[in-house]
Structure formats: structure tokens, C-alpha cells
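From just these sequences and the hints, can you work out the full model?
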Amino acid sequence: MRKYIVLILFVIVSCQPEELMIVEPLPQYEMIFEETESSVTDGQEFSFEIISEEEHQLVISKDGSVIAKESFLPTLDINTKKIYTKSLPTDLLKLELINSNGVIKSTFIQIN
Amino acid sequence: MKRLLLLILLLPIFMFGQSGEGYINYKSYKTHSGTGSSSTYNGVTYSGGANSTAEFDAMVDTNQPGTTLTHSGEVSPFGGTGLNGGHPPKWGGSYFAIVYSGWFKPNKSGTYNIRTKADDSSETRYREVGTTEWQTMTYHWGCCSYRYGTATLDKTKWYEFEFRYQEYGGGDYYYFAYSLPENSSSPIYNQVSSNHPFGTWTNVEPTTEETHELSLTYELHTDLDATKFSTLIYYECTDNAGGLCPTTSTLGNNGTVSFDETAISTDQVSTGTYSAETVDGGIQYIYVYNWDSTNERHRVGLDKRMFNTFGYSGFASGAPTSLFQSVTHLKFYDVIDEDVEYKSNGTYWAEYWLNTRITSDMVQASSSTNRFQNGSWSGYGGVAVQSIDFVLGNSFAEHTLNLSVDGTYYNDEYDNVITVQDLVIAFNQLTSGGSGPGNSGGTVFSTGIEYVLGDVNEDGSFNFVDTQLMLQHIYGDTDPFADKTFGDVVKIFDSGYDDWSTTNWNSGIPNTTLDSYTPNSSTFEQSKTYQVAFMGDVNFSHSHEPSNLTTAAQSMSVRYSSAKGSSNDVEMNMIKDGEYLKVSIEIPINNHNITASQFKIYFDSSKLEYESSDISSESIPSFTTQRSKYINIGSISQDGSQNLNGGITYTLNFKMNSALNSTLGLLGLKFYELVNSDGNIINLKIK
Numbered sequence: 390m391r392k393y394i395v396l397i398l399f400v401i402v403s404c405q406p407e408e409l410m411i412v413e414p415l416p417q418y419e420m421i422f423e424e425t426e427s428s429v430t431d432g433q434e435f436s437f438e439i440i441s442e443e444e445h446q447l448v449i450s451k452d453g454s455v456i457a458k459e460s461f462l463p464t465l466d467i468n469t470k471k472i473y474t475k476s477l478p479t480d481l482l483k484l485e486l487i488n489s490n491g492v493i494k495s496t497f498i499q500i501n
Numbered sequence: 083m084k085r086l087l088l089l090i091l092l093l094p095i096f097m098f099g100q101s102g103e104g105y106i107n108y109k110s111y112k113t114h115s116g117t118g119s120s121s122t123y124n125g126v127t128y129s130g131g132a133n134s135t136a137e138f139d140a141m142v143d144t145n146q147p148g149t150t151l152t153h154s155g156e157v158s159p160f161g162g163t164g165l166n167g168g169h170p171p172k173w174g175g176s177y178f179a180i181v182y183s184g185w186f187k188p189n190k191s192g193t194y195n196i197r198t199k200a201d202d203s204s205e206t207r208y209r210e211v212g213t214t215e216w217q218t219m220t221y222h223w224g225c226c227s228y229r230y231g232t233a234t235l236d237k238t239k240w241y242e243f244e245f246r247y248q249e250y251g252g253g254d255y256y257y258f259a260y261s262l263p264e265n266s267s268s269p270i271y272n273q274v275s276s277n278h279p280f281g282t283w284t285n286v287e288p289t290t291e292e293t294h295e296l297s298l299t300y301e302l303h304t305d306l307d308a309t310k311f312s313t314l315i316y317y318e319c320t321d322n323a324g325g326l327c328p329t330t331s332t333l334g335n336n337g338t339v340s341f342d343e344t345a346i347s348t349d350q351v352s353t354g355t356y357s358a359e360t361v362d363g364g365i366q367y368i369y370v371y372n373w374d375s376t377n378e379r380h381r382v383g384l385d386k387r388m389f390n391t392f393g394y395s396g397f398a399s400g401a402p403t404s405l406f407q408s409v410t411h412l413k414f415y416d417v418i419d420e421d422v423e424y425k426s427n428g429t430y431w432a433e434y435w436l437n438t439r440i441t442s443d444m445v446q447a448s449s450s451t452n453r454f455q456n457g458s459w460s461g462y463g464g465v466a467v468q469s470i471d472f473v474l475g476n477s478f479a480e481h482t483l484n485l486s487v488d489g490t491y492y493n494d495e496y497d498n499v500i501t502v503q504d505l506v507i508a509f510n511q512l513t514s515g516g517s518g519p520g521n522s523g524g525t526v527f528s529t530g531i532e533y534v535l536g537d538v539n540e541d542g543s544f545n546f547v548d549t550q551l552m553l554q555h556i557y558g559d560t561d562p563f564a565d566k567t568f569g570d571v572v573k574i575f576d577s578g579y580d581d582w583s584t585t586n587w588n589s590g591i592p593n594t595t596l597d598s599y600t601p602n603s604s605t606f607e608q609s610k611t612y613q614v615a616f617m618g619d620v621n622f623s624h625s626h627e628p629s630n631l632t633t634a635a636q637s638m639s640v641r642y643s644s645a646k647g648s649s650n651d652v653e654m655n656m657i658k659d660g661e662y663l664k665v666s667i668e669i670p671i672n673n674h675n676i677t678a679s680q681f682k683i684y685f686d687s688s689k690l691e692y693e694s695s696d697i698s699s700e701s702i703p704s705f706t707t708q709r710s711k712y713i714n715i716g717s718i719s720q721d722g723s724q725n726l727n728g729g730i731t732y733t734l735n736f737k738m739n740s741a742l743n744s745t746l747g748l749l750g751l752k753f754y755e756l757v758n759s760d761g762n763i764i765n766l767k768i769k
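So the protein sequences, as listed, match chains A and B.
Quick note, our numbering runs 389 ahead of the 1-based positions in the first sequence.
Quick note, our numbering runs 82 ahead of the 1-based positions in the second sequence.
Read the hints as simulated data drawn from the structure, not as lab findings.
Take these hints with a grain of salt, some might be off.
What the hints assert, rightly or not - Examples of chain B residues lying across from chain A (beta carbon under 8 angstroms, computed):
#1 393
#2 654
#3 751
#4 767
#5 768
As the list claims (entries may be wrong) - As a list, the in silico DSSO-like pairs of lysine-lysine whose alpha-carbon atoms are at most 30 angstroms apart:
#6 610/B <-> 451/A
#7 190/B <-> 470/A
#8 658/B <-> 610/B
As the structure is a computational prediction, the values presented were derived from the model and not from experiment.
Backbone N, C-alpha and C fix where the C-beta goes; we use that ideal spot for every residue, glycine too.
Laid out in C-alpha cells, this is it:
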């Protein structure tokens, strides 16, 4: 008889629903300057870390000549911006992050 | 039972072998009677190691009493039984000779370096199929060291080979290695193997039927991506009944493309013309006048009754002149087999000119008629033939070639074909003296092609009308070339590009990107080379540069200047100001005598709307022009009297359609050009 009771207990316990833990997803950043080269599409977001609040520039160039720029006042830590590609040449271009000290980060972006 | 099954499975292999690609033949001989003794037959003796081709021939001649064929068959060229060891079945370890034979087709064309090593004497030779003389790659009358040679081969051809070596005593082997033509200056030898096959090997004689092939080369400007271009080849493929057979191929990186017979079918089509060919007999239907030495021609008449085979009666009554005109060739016995030219037709005779003299000592048969005349039919002005066959002429269908390009690529590139440098060069040509503006007025152009390309309205005269159109194209309110297609603005030249006349430049200019080609029945492999040029592109920024170009201001347009940094760099800023995005371009004070500048600011029209421009200086005429994808802003002094040495700032104002946190890439400076009064580009960087 005890065997049956144990079996029933097993069934009851095993059929109880598990408590699900809801895990907050961590934000995903495309840290573009951590890659040596990235392929980008129109309107794509990218992120980078800033450690000073002074004005910075994002500069796109080819062979040392500037094609596009954006000046902005960043926030400390992770900043996220968008890149638009319709007015850029289909080419491998250099993307640089610049502040008053000069180029602080650099990578290549392939515009398709 | 298993053995029986295995035997049944293997039987076909034993019965039928594996001949064909991947196999070569071998013959294995016992030589020197298997003992090392010499042998003589018909006065020819061999002994020891072969010391000449003749002695080697004798060694493998089974008429020789000392030579016996012991084995023959086929092996892979790649293994130890083949050319990578030299050990097919053989009678013993000494006194033997191995002869490999078959055919190969190399993987590449060019001069291969060949290396062999054999023990003992060896000969490695080949000959092109259809030829009789062996070409020697290497030979060695002795033993054991590497021997080097070359072989110039064509990858489209088959070659017969005979590689042989003989063993007298001691070690024995044969190794074949090659180095590819591209490594000829510093050979890298690969032992022949399945990984390094050298080419296709076979022991079945290859068929060598020739096929038509057309190889095209389009010489484009080196900065253009040739793979964006295609060429279409098409022809009327159903014997004049309509219907086109088209084939399109993309150009390779080097601008070349080949069409084989599947694309350039050799189907014959009617030319619509006839050859009149005599049939022997006793009725006169032809006369031939004596040679007219003044006009260098014979006058030939065909009796019009012969044209009744086309459904007419009498003297071809009612037949249209076009019927008589359609006879373009005359085959008169064995004395005339030439093209003729229609002259006229009267009541009885259709007449033609024959421009080839039949014979220099032709006897005038009748002084009264001054023409050939059959003696037995005196009184009649003709030569007796039974009849005339009218043989409809055939030819290979004419093919049309048409160069085309990817539309997006063309739009992007054509935007920058005609720029301020072209304009300055063109103006300079027209204002630089000579006999005045027009065909040969200036002293700037050095080639005829520059005149051709400068004549943008294609009226046969290069003048200020053309520069006005170019000027409008750059900064007019409306672009006169806006509707031009690739076929309108591109020309392909098949000859004369590098020495085009500067005085008679407007004759023989190709019309379009089209050309025609008719397969030639005797020359199976044909090739054509075209130079590709854009109208208006007098600085050859997008056109193939003629080799005779000496024009000083020929430097290419620089989309992205790579000049070393200098204090004169152009400063560009893109600033977000409320709902506006502004771009400013500042040319600083300088001493470059810049008389023309042009900047193309491309903008994302889905997010920005162009509003206005500001130009800081009025010391030189400036322009701002809105095009669909970009704003064109700059300055130009048409006579070169003003310049930008004092500096200038161009500002463009765009309104954002919505609030945007990011603006990177909404504006892009994809092209700029700074030109001095000589038409030379000033290489300043944008920073």
C-alpha cells in the first residue's frame, strides 16, 4: 500500500508546473569599433563607449578625404547612433571617432 | 558463389578496359636480349645506354633481335606506374625500355618549364596534333640528373606525346614535372599527380574539329568595374524568317569575353543575291566584251531569257530591275569566277561590269563587235552555253554586338563623366588661338578623339555650342543630357582610336555601342578589340585613354583626393542646427589659381529637403544646381581671369523631414574637383 502512496505522490509532485523565472534581457549593442570591418545597411544602429562629455565627431572618409561627418555631444558610457547609407559611395570606407585629442577609435565599414 | 559474382562484376573491366581521359598507353620492352648484349638489325646497332634518338628508336624496334615487346596496356599518368615513377609492368629489373604515349591538352597556354629525371637514358617529346615533327622537351643520354626544358603550349589544342626511358642496370625510374607559364621567370615545379595534373591526358585520339570562337575585348577606363558591363550578341537565326538568337555575357575583370559556337552559330542565311553559273551546251547566252584598258573592266551580257527560270517568259518580260541587280557573281566555265557589278538591262541583255581581266592575251573574236563570239554561230554576239543556273548566295548570319552596363552603375558613373575639368579643358581648347573656334581652332587637344568626345551634340563641329551644353549639364537649371542613355553617350571604336585624325576627326565616328560581326568560315577563331569612350569626357576620367594623348591636363578626376595633407586642405563641416542640417565647404586662402571648383553633395531625399545655398564670395561666378540625388555647387571662371585664391565658403541648407537623433550619412560628398586655369586638377584633401 505504501508503494502506491509513494507512487501517487511522485505523480502529483512531478505534474506541478515549474515556476518560471523571468529574466530581463540584456541590451544588445553593436560595438562597431571593436570590429576591424563591418558591413552596414541604411539606418543601422551602432554603439560605442565614450569617456568624456566634450563634443565628438563621427567621420567617414576614403583615402584620407572626408565624405561625411556628424558632430554631437555624447553621454558618458554607451552611445548609440544610426548610420544612413543612401548618400554614401558603395565602397569600403573608414569610420573614425574623433574628439579634441584626435582620432580615438577607428574601423572600416563596407557600404553595400 | 561469391567468387563467381566477383568475376561477373569484374569481367567488363577486363573485357573493355578503361580507355579514355585519365589514361595513357605504355609499352614495355625487354632490351639487350635481357642480358646486356648489343643488338643489330638492318645495319643499325644499339648497345648499353641510348646515346641518340636513332639508337633509342632501334632499342624499341621489335625487329631488333635483342628487343621483345613484353607488356603493353594503359596506366594513369599520375601514379608510380605512370609518369611519377615509370614502373608499369615489365619483364625484369634491368635491360628494359618503357614508352609512354597518348595525347594531352594543357590547362594553360604559354611556355611551361619542364623537368624530368630518369635512370637511364630518356627522351620526353611531343607534337601538336596534325603535325609530324616531334618537339623535344628534355632528353638525357646517360643517367640520373634533373633535365630541364620548355614547351610552349596552347590550352585549346591537343598534343601527342611520347615519353620514354630505358634501363640498362642498377636503379630505374622516370619522373615528369612542370612549372606553369605564369611562373616562367622563377619556375615552381610540380610532380605530375592528380593534384597537379598538368592538363587532360588521354589514350584515345582526340577529335580536333574546329569550332568558331569570338573573343571580344572592351578597353575600358581602368577605374571602371568591367564586370558591371555585358555584351549581347544576337543574330537573325531562322533563315531570314525572323526571330533572334541572343546571348549575353558579362565582361571579365579585364574587359574580355568569349563566345563559342553555341552563341555564334554558323547557320547560313540567304544573301538574297545570285551567282550566275553557266551550264555547258550549244546555245549562246553570254557575251563578254574585250578588256577596256581605260576603265579596267570587261562588259558582260547575260541573255535575259535565262531569267525566265524566275517565272517570266520572252526576254524575262515584266521582270523588275531588282532581279537583274541581284546577280552579283558570274561563274563562266573555268575562265570567270568573279563578282560582277550590275550595269543596266535592255530588251535582250542584262549587262554587268567584270573588273577582273579574264586573260591578258585574250583574242578578240570579232573586230566588228569587239567581243567574244562563238565562231560557229557567226552573226550572233554570244558565247554558247546550254543554260545558266542562278545559285542563291549564302553567308553566315550577321551578328550584332551590343555593349551594355548595369543601370545603377551607369547612373552613378555618368554623374561624374563631365565635370568642371572637362569644361575648362574644352574652353581652353576653343580659346587658345589657332584659326578660331571650331574643328581645329585650339592648341590644347592633342588627339582626334578629344574632338570627337568634345562634340557633345554630334554635329561634326566642336565649338562653343558644345561647351555651353557641357556647362548646362554641370549647373544648368535643366540638364540637356538628363535623358541620355548609355547607348547615347558611349561609343565603341574598333579601329583608329590611337591615331584618330585631328583635322578630319569627324569622319568615321561610330554611332553607338553596337557593332556587327559575321562568322568567317575560314578563320574559326576571331577576335575584336574595342575602345570605349563617353561623350564629353575630354579629360578621359571614364574613357579609355588613347596612346597618343599628350594633352597636359589629362589627369584623371579624383573622386577622393589622396594628396598629402597641407594647410590648404578644404574644410567640410556638417552641422545639425535645430530642424536643419547644414554642410559648409571652405576653400581657404591659397595660391593655386583655382578657376573652377565643383562639389557634389548627395543627400537622402527621404529624410532631407534641400532649401538653399550661401556662397561667401562673388569674386568669381558660382553656381548651385539641384539634381535628383545631389546638389552641385561650385564656381567657374570661363575665361580663367578670376580665381579662388582669396578663398570661398559654400554652404547648403537642408531641412529634416522629422526629428533625427543621428545624421551621419544623410549627406555625402561623393565627388569634388578643383581645376586651375591650365585645366589641371589641384589635389586638395577634404578634412
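Worksheet item: Hint by hint, which ones does the structure fall short of?
Response: 1, 6, 7, 8
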